[in-house]
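Listed below, chain by chain, are the residues.
There are 8 protein chains.
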Amino acid sequence: MSNVTLQTLLARYKKGTLTEAELLRSLPEQMFESLGFATVDHHREIRQGFPEVIFCQGKTPDQVAQIARAIVRRKSILLATRADRRHYAAVHRIIRSARYNAVARTILANAHLVKQRGLGTILIVTAGTSDIPVAEEARVTAEALGNTTDRLFDVGVAGIHRILMQSKKLRAARIIIVVAGMEGALASVVGGMVSVPVIAVPTSVGYGASFRGISSLLGMLNSCAAGVTVVNIDNGFGAGYAAARMNRARD
Amino acid sequence: MSNVTLQTLLARYKKGTLTEAELLRSLPEQMFESLGFATVDHHREIRQGFPEVIFCQGKTPDQVAQIARAIVRRKSILLATRADRRHYAAVHRIIRSARYNAVARTILANAHLVKQRGLGTILIVTAGTSDIPVAEEARVTAEALGNTTDRLFDVGVAGIHRILMQSKKLRAARIIIVVAGMEGALASVVGGMVSVPVIAVPTSVGYGASFRGISSLLGMLNSCAAGVTVVNIDNGFGAGYAAARMNRARD
Amino acid sequence: MSNVTLQTLLARYKKGTLTEAELLRSLPEQMFESLGFATVDHHREIRQGFPEVIFCQGKTPDQVAQIARAIVRRKSILLATRADRRHYAAVHRIIRSARYNAVARTILANAHLVKQRGLGTILIVTAGTSDIPVAEEARVTAEALGNTTDRLFDVGVAGIHRILMQSKKLRAARIIIVVAGMEGALASVVGGMVSVPVIAVPTSVGYGASFRGISSLLGMLNSCAAGVTVVNIDNGFGAGYAAARMNRARD
Amino acid sequence: MSNVTLQTLLARYKKGTLTEAELLRSLPEQMFESLGFATVDHHREIRQGFPEVIFCQGKTPDQVAQIARAIVRRKSILLATRADRRHYAAVHRIIRSARYNAVARTILANAHLVKQRGLGTILIVTAGTSDIPVAEEARVTAEALGNTTDRLFDVGVAGIHRILMQSKKLRAARIIIVVAGMEGALASVVGGMVSVPVIAVPTSVGYGASFRGISSLLGMLNSCAAGVTVVNIDNGFGAGYAAARMNRARD
Amino acid sequence: MSNVTLQTLLARYKKGTLTEAELLRSLPEQMFESLGFATVDHHREIRQGFPEVIFCQGKTPDQVAQIARAIVRRKSILLATRADRRHYAAVHRIIRSARYNAVARTILANAHLVKQRGLGTILIVTAGTSDIPVAEEARVTAEALGNTTDRLFDVGVAGIHRILMQSKKLRAARIIIVVAGMEGALASVVGGMVSVPVIAVPTSVGYGASFRGISSLLGMLNSCAAGVTVVNIDNGFGAGYAAARMNRARD
Amino acid sequence: MSNVTLQTLLARYKKGTLTEAELLRSLPEQMFESLGFATVDHHREIRQGFPEVIFCQGKTPDQVAQIARAIVRRKSILLATRADRRHYAAVHRIIRSARYNAVARTILANAHLVKQRGLGTILIVTAGTSDIPVAEEARVTAEALGNTTDRLFDVGVAGIHRILMQSKKLRAARIIIVVAGMEGALASVVGGMVSVPVIAVPTSVGYGASFRGISSLLGMLNSCAAGVTVVNIDNGFGAGYAAARMNRARD
Amino acid sequence: MSNVTLQTLLARYKKGTLTEAELLRSLPEQMFESLGFATVDHHREIRQGFPEVIFCQGKTPDQVAQIARAIVRRKSILLATRADRRHYAAVHRIIRSARYNAVARTILANAHLVKQRGLGTILIVTAGTSDIPVAEEARVTAEALGNTTDRLFDVGVAGIHRILMQSKKLRAARIIIVVAGMEGALASVVGGMVSVPVIAVPTSVGYGASFRGISSLLGMLNSCAAGVTVVNIDNGFGAGYAAARMNRARD
Amino acid sequence: MSNVTLQTLLARYKKGTLTEAELLRSLPEQMFESLGFATVDHHREIRQGFPEVIFCQGKTPDQVAQIARAIVRRKSILLATRADRRHYAAVHRIIRSARYNAVARTILANAHLVKQRGLGTILIVTAGTSDIPVAEEARVTAEALGNTTDRLFDVGVAGIHRILMQSKKLRAARIIIVVAGMEGALASVVGGMVSVPVIAVPTSVGYGASFRGISSLLGMLNSCAAGVTVVNIDNGFGAGYAAARMNRARD
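Chains as they are written, first to last, in the numbering used here: chain A, 452 to 702; chain B, 452 to 702; chain C, 452 to 702; chain D, 452 to 702; chain E, 452 to 702; chain F, 452 to 702; chain G, 452 to 702; chain H, 452 to 702.
Just to be clear, a hint being listed does not mean it is correct.
Unchecked claim - In silico lysine-lysine, DSSO-like type, Cα no more than 27 angstroms apart, as pairs:
hint: 1; chain 1: A; residue 1: K526; chain 2: A; residue 2: K566
hint: 2; chain 1: D; residue 1: K619; chain 2: H; residue 2: K619
hint: 3; chain 1: C; residue 1: K619; chain 2: B; residue 2: K619
Hints in this document: simulated from the structure, not taken from any laboratory.
Construct the complete structure from the given sequences, taking the supplied hints into account.
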């Protein structure tokens, strides 16, 4: 019975083909599935509207594949981040429809289950070309969570008119994700130009005193533009997920 | 003519009591007013729906008072943060209706101009009692920006049932601000319980290896709950402002 | 006479087959054996109830093998940590019964000498799947030191009910080791749920502002749960050893 | 009814003077008492065998006094740490029996309720004289939690024989707390001499490159003595509490 | 003879009123004057075109006064930085013409000796009002070194049009000093708008994760605008001096 | 029309072969060319007198090649820094005249377009032999920007006479770039010897407590020689560019 | 008997006025005297040729006075460092001959007991005037330990000839202590000029990115001059003591 | 004439086979030899009694070989540190007698020129086996500089009696080098046991919060044993060189 979703169980209970006792016995297992090395949080989809996302870094390809199977079995969308080619190979072996995005380093399956839920467009802006992989992780995540996105790449502040000329695109967005390394100044400039939420993603792009992203992280945390919020260095996934939280209508 | 708002100017232009040439000549001064030591950004209200907020720390009481006067003159709401009693005294001398909140360290004037614009309630949660000043700064800011707020104080994770028992209040909120010092773990727990945006505010509460807020800042940036965003240490203002950005309907 | 334990010497002295002079002459060599590049502390077994454990990192395979031989010769349990496959190969060449645990990166020999001494069960909990190698090092160490262990993996706070549903298992433990990377919040939650000793092990799991484990280390040091103690980042061995110290009856 | 302990309620329920409905209605309030600015965790005494301890730093004297009253009302032991004289004055005004320890910076009331529960002696050792305030905080905490303590002050490793001559005292202890600033080396030396649990407390004693306790914190985390555990810088309270956890018989 | 400048000596030697032997004997003392606690580098004026500047911080008022006297005696311009009122009082007691600038915290005497030498205008720009004291230190220094300056205050990037509207003033400058705290982004924006040298001065303005100026320092060092150079945090003096170096015609 | 420079367009407009409407339509595209992953800032040449320089690190060889083509098409000088051999191979495939400097890690094309514009010689000094790659990046940059350079290598302060003996070469320079790792002391010594601008480049040369260049970065920022300015660690490009800014005559 | 030195006891034992049993009973108390809050290491004088030095910071005036009395009672030299005026007052009350050095912040008594033991002169050099308090602590310490000293103040590298002109004084020294803040470059220059031991003392002189002495500490640790050794920031005492160790003839 | 030492030149001058003019012309080249990429400091041997030592890290094999040739040509001892096998191969190709020490990573040639100059024995002590490579670098350096050495390996403080039992060896030394990673406590223990100079070398041995040697570096800088001096992390060369400075008789 393990590959049946909670929804199915409840439907069968309503129809009378499942007794209350049977329903109650199944609940914990429906909510949290133990794989020994992992406790998959199937309840998350009910709580947060999206199933658990697999963070592949530090997991073996086999572990990732087993968690992926547990998710797909329940007919949920599968999103895995920080996946390298070996992770993908292991997942692909058992989920043939899984697709790999080499720039974003993501694995996606059951994409047809994505339902459009966003209230507006999420615009993803980068300061430079090297910031694109992080931006793409944000985009894939936001889209998997049912949002429409747009992009604006390589418009860093050293040529300030590049971003100023795009004020129309900026104003069309309901949420803006700014991805920048080095001094991360683009977040402050964009934050001061618009009234919508701005999520800043520092990247580890740079060298020397950028200290693998600390310079842009601190720059963004200290932004003189009011109300810019920040996620972890290189955390495109977190930015995409936060944007999805903000872009959702309250039920 | 300096204490006339842009709106008035435009109305007079429409009525014909102001020529186009006169209008154009007045525009720059309406947008950015130079006080010598400060360039007040009156255009911000048009761009972002809220006038410039005065960050008092590092400014002399006299400088704060002069900027405050320039803002109030244009019939805008006045909000000043990180104000100490000397700042307040200087402001109060020229703006008798200004009010001081000693816990939040804010000065507020023209509060009657606040228009309710938020789509839902902003809930402000603290891990401990010592986090309250930062939480209050967030609350005052969010309310000045036209939002309804609610509070939940001292529900840190060392007694996990305190927050769990409040799941109803958490679910009633449209946006949640979590204010916590020490290890900042409350942001992760709340972030995992709800689907709405969670803004984490690390505080400098703690000692020793809390390093004046670095421990909670890092904890929040590395939150295992997806899509939690973070502002600067002790930045209640930023959290309130970010929440206001998120809580606004797109026009 | 070098591969004879101190106990044997004392027994022979008591029986009269060893003179006092002979005994005294043998003592230093029984306590500290010099291998030139290493001074093996055989006295540790008497002082602390367990022989020296070999920390392989930074040692050549040959050095590890020679120290291992000196320990096994005295009929002591051999435990080596942070061992890679080349260390194991060198040890295995001279101690055929040695066993390698690839996840925990430990080498174990003379395991039959382990005596059960623990007063209760040591429970090892991880926040995520990537924390397992460190958890396994703790488990192998605790068991080599004569303790019974139990495990609970991947119950991080982003899905707080995963750990709450396990309160029975938590209450059954006499000592709990919490292994967590990222923000390390699990230690605070567990620390607040139980009254037994909680040992927190920060791991280097994470990226960006986790700074290879600093975020969880600081989180755990600043835990708002009273009386949680902490070991070095990724130090599963230290946690297992500390748990064994705590789990021992005083003679 | 608020100043009645949970135990009393249950007794009355058993006797029949309280209905089940009345009991259930009273439970939440018995467990968590909201003071607006604080949510007192009265349930902690049941969960962990000791009531909530008040961390005074960052709280106003009035807030501390109100929390103190809520605790004492329930006939629990009151322990407050990091209390300055103003905190004490406020508490003393409403709890006349409260006592202040100026070295440890603690407030204690209802000390007659302390029940001896420790299995053995907790020995508190300091490297220097300047470490004594932290050591005293540990001692007061451990004793409030029902333990017997002993002390050994100013036996740092620069005169290694001072600690070596005390090996008898070290061996008599069931748990040892080592308090040291500067390089914190004493923890390693003691950790290598005994088989019982060693809790290391780094202090901010030192200057220059001690960086307010970082040097001893890092020294203790990297101790070459196996199984030494560490608490936050200057966290005597945490050390005393951890020792109490370890010194308790499992029920 | 000690209060005679080197120039006078050489003139007298040329005229024949001083023998070669007398000249040579006087030289070392003319170049470096020992006051016991200080070795005044009078030769610096010859080497660098400006006498030694007194850095008052860490010196007693009396020490500052004695060094000041040694400089003024040689008919050199006196500039002292980081001077508090007690330093000024001590200097003023012996040099009545000395003037104190309370914002810049500088003491100046013999200002009539300043010769205009700069090739163009040095423009000093600040991001905020709180950056003004550092900007003023830069201005006083640059002017004491014979340069013409201009100012543009409080034009930070959160209101990007404030700086864009000033492009004429920016283009009129031969060298630009950008003074900014928080994220320090203004240096990148200005650096990208002009082709003249841009000297960035990070300030300690900010709080929390600004870490007393580290955020702006790192932001400026990692500026994406090519060829921006940086001085120490709050080092207005250094920026003014560097600008003077750049603004000088090569002889 | 895309590979025509702005200058050509304006000439054609003047001649009458291009209408005003056509000119205006072409302008944005002439200023900022979008390649999807990059927004090339062709306007920079007009604004700053030099086209955009490609920072190769973090870009794919193909991205670098496409940006390079866009620059060369407009008959601009191509300079690419931090280029490895794979970047060069991709560029060379489409720009056969491009040349690679393996020590400086730069790619250069259209070098014949370089116009001598510097007012004097830029001297590049290194403390050690290991600093040469950074020094070479500075030299290549300065020369590509139209400057004459000179070099002085391995004259670190441990043998102070090496630099003292070169005072003639130091005095002949109009701007001096000092490249040094380890303690970076050479910048202070040179800064004190000359009156011209000194740009200090910290390098990551060193080990242990040099922390990949932090030691020299801090040393240079804290230089006791007045008016030394600093660029990022290993930022030879930035130093060369800054020197070019300083060495230009004002029009 | 407690105020009798070990030497006296042994003399009396030799003379026969003290039995062997009496002698042995007195030994421990002669070596380590417990004052409750302190364990005075009287044996240090025998082991290291100098009695324990009191580090006053963090000790109460009363504690310092009691330790001082215990030392003076044994007719040893008393040296106390980091003493403020309150410490001195308490000591002076019971040891009338004690003398306070306000610059070095030291207390000295029984100075007549100092025996000249150094092989040569210890030269103490400072980069600036603000480094003098640390230099004086070094000088007082070295002299109390029986050495001859010389001084050279304010000869930092920004005016490199100041130190070069003193090469005779440098060559006359047997050991050189270099005291410098900011970038600490003087240690490298001196280290390269002489062949005798050079002890570098970083000071907290500076501001901004000097990070209270980190810049000079790192500069000195990374000195390109071979064989320079370093002590803690502002640790004049340690430098003086180390110099004394080096300046002693081996017995 | 370039491969003739300064001594030879002076001898020839005395004999009259070299004129004064010829001598003076040759001097600079004899003191500092320019190889383009390096300025070899031949004068160092005169100044410090030992020729320049080649620090190979960051230099190409070819650069090392050329500098080596310049040194050997002048009949000086060649010592190169941080040499890998490729450096050695390049040196060996032109100096067949050069010898490589793979543990210490040193190259040595002209070892027959070493003259015994040390006043006593330099003892090199390590806390663990992994510290040996650094200890060997110290030993090779000290011996190349004409000193006698002794060793004591793996006597860390976790088994304190290992070092206590060696007090005789410790007392026999004139200078002691203590090499230790992790918490570096051995330096304090040894520093407190002896009166001779103790040079502490922190190593990068450890993991997690050892931060590549920061823990032991800080531990040693904060040593509670008076007068311990410290060199850079892993700087065995510096320790050996410093010991040689200390062990030399003053001429």
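Hints versus structure:
| no. | hint | in the structure |
| --- | --- | --- |
| 1 | K526(A) / K566(A) | holds (14 angstroms) |
| 2 | K619(D) / K619(H) | holds (26 angstroms) |
| 3 | K619(C) / K619(B) | holds (26 angstroms) |
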